[in-house]
Amino acid sequence: MSEHVLPRPSLAGSVREYARGVAGGLLFSLPLLYTMEMWEMGLVAEPTRLLVGLGVGFLLLLGYNRYAGLRCDASFTEVVIDSIEELGLGLVLAAAILWLLGSIDGDTRMPEIVGKVVIEGLVVAIGVSVGTAQLGGESPGVVGDGNDNDDDKNKYVERRPMSLSETLHGPSWFAAQLTLATCGAVLIAANVAPTEEIQDIARGISEVQQIGLTVLTLAIGALVLYSSDFRGSRDHVLFDGRADVALGILTTYLVSMFAAAALLWFFGRFDDNGLAFCLAETIVLGLPTAIGASAGRLLLQQK
Amino acid sequence: MTKGPRKNWLEWTVFAAGLLLLTATVGYLGWQALVYAHQPAALEVTLGEPWTPDADDPSRVVVPVIVRNDGGHTAADVKIEVSLVRADETDGSVERRELIFDFVPHMSSRAGALTFEHRPARDELRAQVIGYLEP
Numbered sequence: 001m002s003e004h005v006l007p008r009p010s011l012a013g014s015v016r017e018y019a020r021g022v023a024g025g026l027l028f029s030l031p032l033l034y035t036m037e038m039w040e041m042g043l044v045a046e047p048t049r050l051l052v053g054l055g056v057g058f059l060l061l062l063g064y065n066r067y068a069g070l071r072c073d074a075s076f077t078e079v080v081i082d083s084i085e086e087l088g089l090g091l092v093l094a095a096a097i098l099w100l101l102g103s104i105d106g107d108t109r110m111p112e113i114v115g116k117v118v119i120e121g122l123v124v125a126i127g128v129s130v131g132t133a134q135l136g137g138e139s140p141g142v143v144g145d146g147n148d149n150d151d152d153k154n155k156y157v158e159r160r161p162m163s164l165s166e167t168l169h170g171p172s173w174f175a176a177q178l179t180l181a182t183c184g185a186v187l188i189a190a191n192v193a194p195t196e197e198i199q200d201i202a203r204g205i206s207e208v209q210q211i212g213l214t215v216l217t218l219a220i221g222a223l224v225l226y227s228s229d230f231r232g233s234r235d236h237v238l239f240d241g242r243a244d245v246a247l248g249i250l251t252t253y254l255v256s257m258f259a260a261a262a263l264l265w266f267f268g269r270f271d272d273n274g275l276a277f278c279l280a281e282t283i284v285l286g287l288p289t290a291i292g293a294s295a296g297r298l299l300l301q302q303k
Numbered sequence: 001m002t003k004g005p006r007k008n009w010l011e012w013t014v015f016a017a018g019l020l021l022l023t024a025t026v027g028y029l030g031w032q033a034l035v036y037a038h039q040p041a042a043l044e045v046t047l048g049e050p051w052t053p054d055a056d057d058p059s060r061v062v063v064p065v066i067v068r069n070d071g072g073h074t075a076a077d078v079k080i081e082v083s084l085v086r087a088d089e090t091d092g093s094v095e096r097r098e099l100i101f102d103f104v105p106h107m108s109s110r111a112g113a114l115t116f117e118h119r120p121a122r123d124e125l126r127a128q129v130i131g132y133l134e135p
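From first to last, the protein sequence lines stand for chains A and B. The letter at position 173 of the first sequence is residue 173 when you use my numbering, and the numbering goes up by one with no holes. The letter at position 100 of the second sequence is residue 100 when you use my numbering, and the numbering goes up by one with no holes.
Please note: incorrect hints may appear among the correct ones.
[Stated by the list, open to error] If you want a taste of the chain A side facing chain B, the calculated C-beta under 7 Å gives, among others:
1) S14
2) L51
3) E85
4) G88
5) L91
6) P111
[To be verified] To spell it out: a stretch of chain B is covered by chain A in this simulated footprint if at least three of its residues, at any positions, have a beta carbon under 8 Å from a beta carbon of chain A; those stretches are:
7) 78–88
8) 101–113
[Said to hold, decoys possible] Sample of chain A residues facing chain B (criterion: CB under 7 Å; computed from the structure):
9) L43
10) V44
11) V80
12) I81
13) L87
14) G106
15) R109
16) V114
17) E197
18) N273
To be clear, the hints were calculated from the coordinates, so they are not data collected in a lab. Computed from a predicted model, the values in this text were never measured in an experiment. A virtual CB, placed ideally from N, CA and C, is assigned to each residue, including glycine.
Could you build all of it, start to finish, from the sequences and the hints given here?
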């Protein structure tokens, strides 16, 4: 196919995409839609925190759609449009499920509805985005896998013969992997981040156990990325020499800790707590985020 | 490439709806942040009309309790005390009841009920918020 202007996607194709999005949204966020702490968060979160959450969530969607989304070959405008669609879809889906579960009803006042819907909707939106891009089949002719543009085709042909290290060392590759690692960390760890258990564990464990968790967090990254032949690790991880391995493990660890801290702040788990306790919480959540930042990152790669 | 986004009407509709919803949400939250951010919880208790659920058992009287929060923050574990006060009793108080609400979000209300053994007259009930937690 060598037409320069692609036809608009068919209605059936769009409906299939939205259906995948809805399925993905529910698949990845259902545990959180059924979690009491999330509803309570919707009650107590200040408007500014919700605004920050919306902003960061939107950035994550932009990043994911840019580097692994269904149309990541597309222009920036299209990525923005897709992200807004997904966020809107996430909010609507969250509101519908929350109503079906009786968490909001006709008597619920506006601040409570908005709080609950925004918190749950953010998670659903990320699920929608991942579902749209990852859950699709390979059936030819489905609009959306439209890489059949001349320019794209040339790029694709050019890309392959280059040696891996040449393509992999670019800053844009690094930015892509950082973004996907963050998305993976948030997607996997969001399921446990709001629960009381994180605080309970952080209160209960000793310094030795915290160090042990840190070692395990580092080891998980190393295992998944470098010694398990995990799906996609050959294409998306640098293998050349010890420096690359050390850099990869450390970057994954940093992303994990940062994502853990950000999630904990958003869910109010840092409020009024001392530095040592906040650090313990971050270490406890750092293990799930590290799994997300390594295994999740590889699973999220563009298909 | 100078062509615009490839979209059909359905996708444009979903996009427009999403944009509208998002703008409304952000606008609402921004307004809330400006107006309510620094106001504490402001709780007020009101009591409903006492009623007897079982006509054969007049010693069980239910008094509806409604607590409203007109402040800017959600209150947690809101403890309410309602007492039945009669001037002719020696210590003044005939019955004392307590009720705890898990959460009373800002600009919202929550309802519950207390059971008394004596039927209170209109001016015999005293209700107050004993305390609450800032979540």
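For each hint, the structure was consulted:
Residue-level restraint check for S14 of chain A holds (minimum Cβ-Cβ distance to chain B is 5 Å; threshold 7 Å). A distance limit of 7 Å between C-beta atoms decides the matter here; for L51 of chain A the minimum to chain B is near 5 Å, and the interface restraint holds. The criterion of a C-beta within 7 Å of any C-beta in chain B is met by E85 of chain A, whose closest approach is roughly 5 Å, and the hint holds. Of the supplied interface hints, the one on G88 of chain A holds, with its beta-carbon coming within about 2 Å of a beta-carbon of chain B, less than 7 Å.
Hint status for L91 of chain A relative to chain B: holds, with the closest Cβ pair at about 6 Å, below 7 Å. Given hint, P111 of chain A at the interface with chain B, holds; its Cβ is 5 Å from that chain's nearest Cβ, closer than 7 Å. Beta-carbon proximity to chain A at under 8 Å applies to 0 residues in the region 78–88 of chain B; the threshold of 3 is not reached and the given coverage is violated. Counting residues of the region 101–113 of chain B whose CB lies closer than 8 Å to any CB of chain A gives 6, which reaches the minimum of 3, so the coverage claim holds.
Because the closest C-beta pair between L43 of chain A and chain B is about 5 Å apart, less than 7 Å, the hint holds. Interface hint status for V44 of chain A: upheld, as the beta-carbon distance to the closest one in chain B is roughly 4 Å, under 7 Å. This hint is violated: V80 of chain A has a C-beta 9 Å from the nearest C-beta of chain B, more than the 7 Å allowed. Against a cut-off of 7 Å between C-beta atoms, the interface hint on I81 of chain A holds, since the closest Cβ of chain B lies about 5 Å away.
Hint status for L87 of chain A relative to chain B: holds, with the closest Cβ pair at about 6 Å, below 7 Å. Because the closest C-beta pair between G106 of chain A and chain B is about 13 Å apart, greater than 7 Å, the hint is violated. Annotation: interface hint on R109 of chain A holds; nearest CB of chain B at approximately 4 Å, less than 7 Å. Hint status for V114 of chain A relative to chain B: holds, with the closest Cβ pair at about 6 Å, below 7 Å.
Evaluation of the E197 of chain A hint against chain B yields a violated restraint, the C-beta minimum of about 18 Å exceeding 7 Å. Taking 7 Å as the C-beta contact cut-off toward chain B, the hint placing N273 of chain A at the interface is violated, the least distance being around 14 Å.
Checked against the numbered hints given earlier, the structure breaks hints 7, 11, 14, 17 and 18 and satisfies all the rest.
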